[in-house]
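Build the full structure now, drawing on both the sequences and the hints.
Number of protein chains: 2
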Amino acid sequence: MIVSKRIEAMQESPIRKLVPLSVAAKKKGKKVFHLNIGQPDIKTPDEFFQAIKDFNPGVLAYVFSEGIPELIESFIQYYEGYGMHFERDDILITNGGSEAILFSLIATCDTGDEVLIPEPFYTNYNGFSSTAGVQVVPITTTAENGFDLPEFEVIEALVTDRTKAILLSNPGNPTGKVYTKNEMDRIRDLALKYNLYIIADEVYREFVYDGLEFISFGQFKEIEDRVIITDSISKRYSACGARIGCVATKNKKITKEIMKLCQSRLCVATLEQVGAAKLVEVSKDYMKVAFKEYDKRRKTVFNALQDMEGVLCKIPKGAFYITAKLPVENAETFARWLLTDFDVDGETVMVAPAEGFYATKGMGRDEIRISYVLKQDDLIKAMNILKEGLKVYNQ
Amino acid sequence: MIVSKRIEAMQESPIRKLVPLSVAAKKKGKKVFHLNIGQPDIKTPDEFFQAIKDFNPGVLAYVFSEGIPELIESFIQYYEGYGMHFERDDILITNGGSEAILFSLIATCDTGDEVLIPEPFYTNYNGFSSTAGVQVVPITTTAENGFDLPEFEVIEALVTDRTKAILLSNPGNPTGKVYTKNEMDRIRDLALKYNLYIIADEVYREFVYDGLEFISFGQFKEIEDRVIITDSISKRYSACGARIGCVATKNKKITKEIMKLCQSRLCVATLEQVGAAKLVEVSKDYMKVAFKEYDKRRKTVFNALQDMEGVLCKIPKGAFYITAKLPVENAETFARWLLTDFDVDGETVMVAPAEGFYATKGMGRDEIRISYVLKQDDLIKAMNILKEGLKVYNQ
Numbered sequence: 161m162i163v164s165k166r167i168e169a170m171q172e173s174p175i176r177k178l179v180p181l182s183v184a185a186k187k188k189g190k191k192v193f194h195l196n197i198g199q200p201d202i203k204t205p206d207e208f209f210q211a212i213k214d215f216n217p218g219v220l221a222y223v224f225s226e227g228i229p230e231l232i233e234s235f236i237q238y239y240e241g242y243g244m245h246f247e248r249d250d251i252l253i254t255n256g257g258s259e260a261i262l263f264s265l266i267a268t269c270d271t272g273d274e275v276l277i278p279e280p281f282y283t284n285y286n287g288f289s290s291t292a293g294v295q296v297v298p299i300t301t302t303a304e305n306g307f308d309l310p311e312f313e314v315i316e317a318l319v320t321d322r323t324k325a326i327l328l329s330n331p332g333n334p335t336g337k338v339y340t341k342n343e344m345d346r347i348r349d350l351a352l353k354y355n356l357y358i359i360a361d362e363v364y365r366e367f368v369y370d371g372l373e374f375i376s377f378g379q380f381k382e383i384e385d386r387v388i389i390t391d392s393i394s395k396r397y398s399a400c401g402a403r404i405g406c407v408a409t410k411n412k413k414i415t416k417e418i419m420k421l422c423q424s425r426l427c428v429a430t431l432e433q434v435g436a437a438k439l440v441e442v443s444k445d446y447m448k449v450a451f452k453e454y455d456k457r458r459k460t461v462f463n464a465l466q467d468m469e470g471v472l473c474k475i476p477k478g479a480f481y482i483t484a485k486l487p488v489e490n491a492e493t494f495a496r497w498l499l500t501d502f503d504v505d506g507e508t509v510m511v512a513p514a515e516g517f518y519a520t521k522g523m524g525r526d527e528i529r530i531s532y533v534l535k536q537d538d539l540i541k542a543m544n545i546l547k548e549g550l551k552v553y554n555q
Numbered sequence: 161m162i163v164s165k166r167i168e169a170m171q172e173s174p175i176r177k178l179v180p181l182s183v184a185a186k187k188k189g190k191k192v193f194h195l196n197i198g199q200p201d202i203k204t205p206d207e208f209f210q211a212i213k214d215f216n217p218g219v220l221a222y223v224f225s226e227g228i229p230e231l232i233e234s235f236i237q238y239y240e241g242y243g244m245h246f247e248r249d250d251i252l253i254t255n256g257g258s259e260a261i262l263f264s265l266i267a268t269c270d271t272g273d274e275v276l277i278p279e280p281f282y283t284n285y286n287g288f289s290s291t292a293g294v295q296v297v298p299i300t301t302t303a304e305n306g307f308d309l310p311e312f313e314v315i316e317a318l319v320t321d322r323t324k325a326i327l328l329s330n331p332g333n334p335t336g337k338v339y340t341k342n343e344m345d346r347i348r349d350l351a352l353k354y355n356l357y358i359i360a361d362e363v364y365r366e367f368v369y370d371g372l373e374f375i376s377f378g379q380f381k382e383i384e385d386r387v388i389i390t391d392s393i394s395k396r397y398s399a400c401g402a403r404i405g406c407v408a409t410k411n412k413k414i415t416k417e418i419m420k421l422c423q424s425r426l427c428v429a430t431l432e433q434v435g436a437a438k439l440v441e442v443s444k445d446y447m448k449v450a451f452k453e454y455d456k457r458r459k460t461v462f463n464a465l466q467d468m469e470g471v472l473c474k475i476p477k478g479a480f481y482i483t484a485k486l487p488v489e490n491a492e493t494f495a496r497w498l499l500t501d502f503d504v505d506g507e508t509v510m511v512a513p514a515e516g517f518y519a520t521k522g523m524g525r526d527e528i529r530i531s532y533v534l535k536q537d538d539l540i541k542a543m544n545i546l547k548e549g550l551k552v553y554n555q
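The listed protein sequences derive, respectively, from chains D and Z.
This note's numbering puts the first residue of the first sequence at 161, with every later residue one more than the last.
This note's numbering puts the first residue of the second sequence at 161, with every later residue one more than the last.
Derived by calculation from the structure, the hints in this document are not laboratory data.
Any given hint could be a false lead.
[Stated by the list, open to error] Calculated pairs, SDA-like style, for lysine to any residue (alpha carbon to alpha carbon, straight line, at most 25 Å):
no.	chain 1	residue 1	chain 2	residue 2
1	D	Lys186	Z	Lys186
2	D	Lys381	D	Glu417
3	D	Lys416	Z	Gln295
4	Z	Lys413	D	Ser225
5	Z	Lys186	D	Ser225
6	Z	Lys416	D	Ser164
7	D	Lys203	Z	Gly218
8	D	Lys535	Z	Ala221
9	Z	Lys188	Z	Lys547
10	D	Lys177	Z	Lys547
11	D	Lys547	D	Asp503
[Unchecked claim] Beta-carbon label-pair distances, calculated as ranges:
no.	chain 1	residue 1	chain 2	residue 2	range
12	D	Asp349	Z	Lys521	44 to 50 Å
13	D	Lys444	Z	Asp214	28 to 34 Å
14	Z	Lys177	D	Arg322	43 to 49 Å
15	D	Lys190	Z	Phe312	57 to 63 Å
16	D	Asp385	Z	Lys190	35 to 41 Å
[Stated by the list, open to error] A few chain Z positions that, by computed beta-carbon distances, are all more than 12 Å from chain D:
no.	residue
17	Glu343
18	Leu431
19	Asn463
20	Trp497
21	Thr520
Glycine included, C-beta positions come from ideal geometry on N, C-alpha and C.
Here is the structure:
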């Protein structure tokens with residue numbers, strides 16, 4: 161039996177494809193520090209679990225396809241804090257940020273249409289694009305330039321009559337890049353000039369360091385009919401396993417159309433919606449503590465990388481990732497070797513090879529993404545193992 | 161801003177599109193009996209909620225993309241009860257049966273490929289097909305013939321070189337049809353002759369009446385490499401709001417490829433997986449009680465329909481739906497009228513117009529689907545209102 165060409169062509173997750181090697185390493189008794197996955201280690205707020213414990217529906221019935229009203233209200237309240245004013249029917253609850261992006265692509269692009277995405281990008285954008293039958297056209301950015309966007313004319317040259325949208329994560333995964341007002345204006349101008357949608361993946365909104373202020377595309381009045389915000393509670397509330405996200409847009413046509421997709425999958429898991437609706441009551445201290453912790457780790461990782469010969473990266477301003485160039489020819493081979501052939505006193509590290517985050521063939525081959533989601537002590541150990549590994553590998 | 165053609169072309173849910181009229185009727189103080197939606201009123205088993213109350217993870221982290229091991233194990237155990245033997249990597253947990261069908265279509269069909277579906281069919285098959293860019297080719301069946309499948313040659317004539325799969329629900333929604341061994345052999349022969357997949361949606365497996373034995377396509381050894389079972393706990397455990405389903409297949413290539421789609425959306429909501437894993441411990445009495453209740457309602461609804469002049473239907477053998485022909489020209493107009501202009505002592509009924517369950521234009525225009533998910537007393541009342549409504553409408 162043959163399978164579809166599109167599914168065969170689909171890339172395996174570069175973050176998850178080394179998992180079997182890590183499993184094997186652990187079986188041999190090695191300890192593996194996971195720098196490869198963006199799974200926060202911060203506790204999920206008690207409010208989430210308590211709300212679910214207090215919920216006794218008798219029949220766990222279908223709920224509204226657009227999400228339960230309490231959760232939609234809580235998102236509205238949350239966005240008010242960022243100066244964005246949404247109405248109830250501007251927001252549709254989704255199965256994580258993942259479904260929000262998939263639905264946005266389907267609603268804005270027909271099969272074969274193109275979406276511009278700054279590379280390196282969150283690798284699952286490839287998966288969503290394959291599912292939606294949309295072509296990814298990368299806007300190349302580099303570690304050397306701190307992943308800054310190229311000039312307007314460079315991006316403009318990529319636009320064709322099939323380009324329908326620009327998709328970008330801000331702050332960026334896997335780069336930690338936070339777009340400047342100037343860069344955002346460039347995207348806005350492009351969207352206006354070529355009548356494009358902006359799909360703004362802002363799930364790391366809370367994680368912006370060095371005193372920078374986060375700017376959302378949702379704050380640009382002049383493009384509010386073409387901005388679709390895709391969001392998730394996963395990162396800010398350390399609730400990745402809840403799979404609660406949303407689409408938020410002022411474009412009523414888009415919400416009306418995406419509602420059809422929401423209806424076709426009936427609804428999002430009820431209990432997690434009930435829990436997530438209470439997160440708006442979580443004390444501001446929760447985020448402050450988490451933020452301080454990540455900021456400390458960011459510096460730890462960056463300083464450690466600075467201290468490794470031949471490693472190149474700029475300090476990231478957001479999210480909890482760093483993409484760095486290593487003095488190796490093939491970072492995936494190196495990452496595999498760390499798991500199969502290397503350890504320091506029985507301990508090793510797992511990193512994500514960055515090649516899979518690029519759409520342009522061959523780019524990122526000598527780069528890795530590090531997620532700094534480990535406790536400070538472990539992080540210091542892990543970075544030391546990486547340093548030693550590089551030394552041994554290059555001998 | 162324009163949206164994609166495919167999303168504009170997508171049909172609104174015929175089950176949900178009359179919702180505003182029902183909301184308006186309720187606002188006016190009318191009581192509305194819902195015969196339109198397949199939401200069971202049976203209590204969700206306590207085991208489900210208890211498992212979640214007992215689960216205290218601290219961090220609600222991503223879980224495995226293929227589902228948590230306990231839940232996969234519980235599905236394996238469940239299928240053993242139907243004589244189907246699956247291994248751990250034969251089963252992938254999905255966001256309800258909905259995602260299971262969507263993923264199966266994407267994995268078996270490329271954009272523009274065709275899938276054969278007996279009509280009338282579960283209306284969301286249209287949504288999944290639109291999302292996947294797949295053409296639905298209906299195999300027409302009729303109320304007059306009790307929705308029996310046509311002869312082999314009739315179905316065969318629909319096959320083209322773009323046909324990749326047959327998708328069917330058994331027992332059927334919205335028909336209540338249970339396929340005979342003979343009909344299933346016909347589908348098997350077709351799949352073998354034209355090298356097609358069979359996507360078997362068997363979420364109503366437990367609901368087979370009149371002493372019939374349920375047969376699964378998963379029990380046909382000779383086609384086990386081309387059968388993909390899509391499943392859900394929603395109906396059998398009255399847990400529609402949990403959104404827990406699965407793909408189960410012996411075709412290792414299919415599970416390997418669908419795994420990529422699973423990875424791209426990271427995982428299914430954790431708490432509902434934890435709850436669902438315990439459902440295998442629910443006493444057999446739970447299903448027995450539910451089954452008896454549905455069987456009683458089925459007879460109530462069928463007998464009531466028999467008693468209405470000009471109504472045509474055969475007794476359904478499975479699920480909890482009946483699709484019936486009414487003595488009206490347009491069943492949607494009638495269904496709207498029931499909500500806006502009719503009541504018996506301040507009470508009325510909501511039914512699902514069946515036209516949206518057909519892909520062939522014009523078919524089903526005088527038909528409705530009734531879900532018998534109301535308590536016996538309410539059901540009797542509701543059927544009486546329908547009868548009176550028909551009389552008044554046709555005067």
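Checked hints:
1. D:Lys186 / Z:Lys186: Status violated; Cα separation ~60 Å.
2. D:Lys381 / D:Glu417: This hinted pair holds, its Cα atoms lying about 22 Å apart.
3. D:Lys416 / Z:Gln295: holds, 23 Å
4. Z:Lys413 / D:Ser225: Answer violated: Z:Lys413 to D:Ser225 is near 33 Å, above 25 Å.
5. Z:Lys186 / D:Ser225: Measuring from Cα to Cα gives roughly 20 Å; hence the hint holds.
6. Z:Lys416 / D:Ser164: Distance ~13 Å between Z:Lys416 and D:Ser164 Cα, so the pair holds.
7. D:Lys203 / Z:Gly218: Judged against 25 Å, a Cα distance of about 5 Å means the pair holds.
8. D:Lys535 / Z:Ala221: Holds, at about 15 Å.
9. Z:Lys188 / Z:Lys547: holds, 22 Å
10. D:Lys177 / Z:Lys547: violated, 60 Å
11. D:Lys547 / D:Asp503: holds, 12 Å
12. D:Asp349 / Z:Lys521: 44 to 50 Å: holds, 45 Å
13. D:Lys444 / Z:Asp214: 28 to 34 Å: Given about 31 Å between the Cβ atoms, the range holds.
14. Z:Lys177 / D:Arg322: 43 to 49 Å: violated, 32 Å
15. D:Lys190 / Z:Phe312: 57 to 63 Å: holds, 59 Å
16. D:Asp385 / Z:Lys190: 35 to 41 Å: Taking Cβ atoms as reference, D:Asp385 and Z:Lys190 lie about 38 Å apart, which means the hint holds.
17. Glu343: holds, 22 Å
18. Leu431: violated, 5 Å
19. Asn463: Consistent with the label, Z:Asn463 stays out of reach of chain D, its closest Cβ about 26 Å off (over 12 Å).
20. Trp497: holds, 24 Å
21. Thr520: Given a closest Cβ separation of 20 Å, the condition holds.
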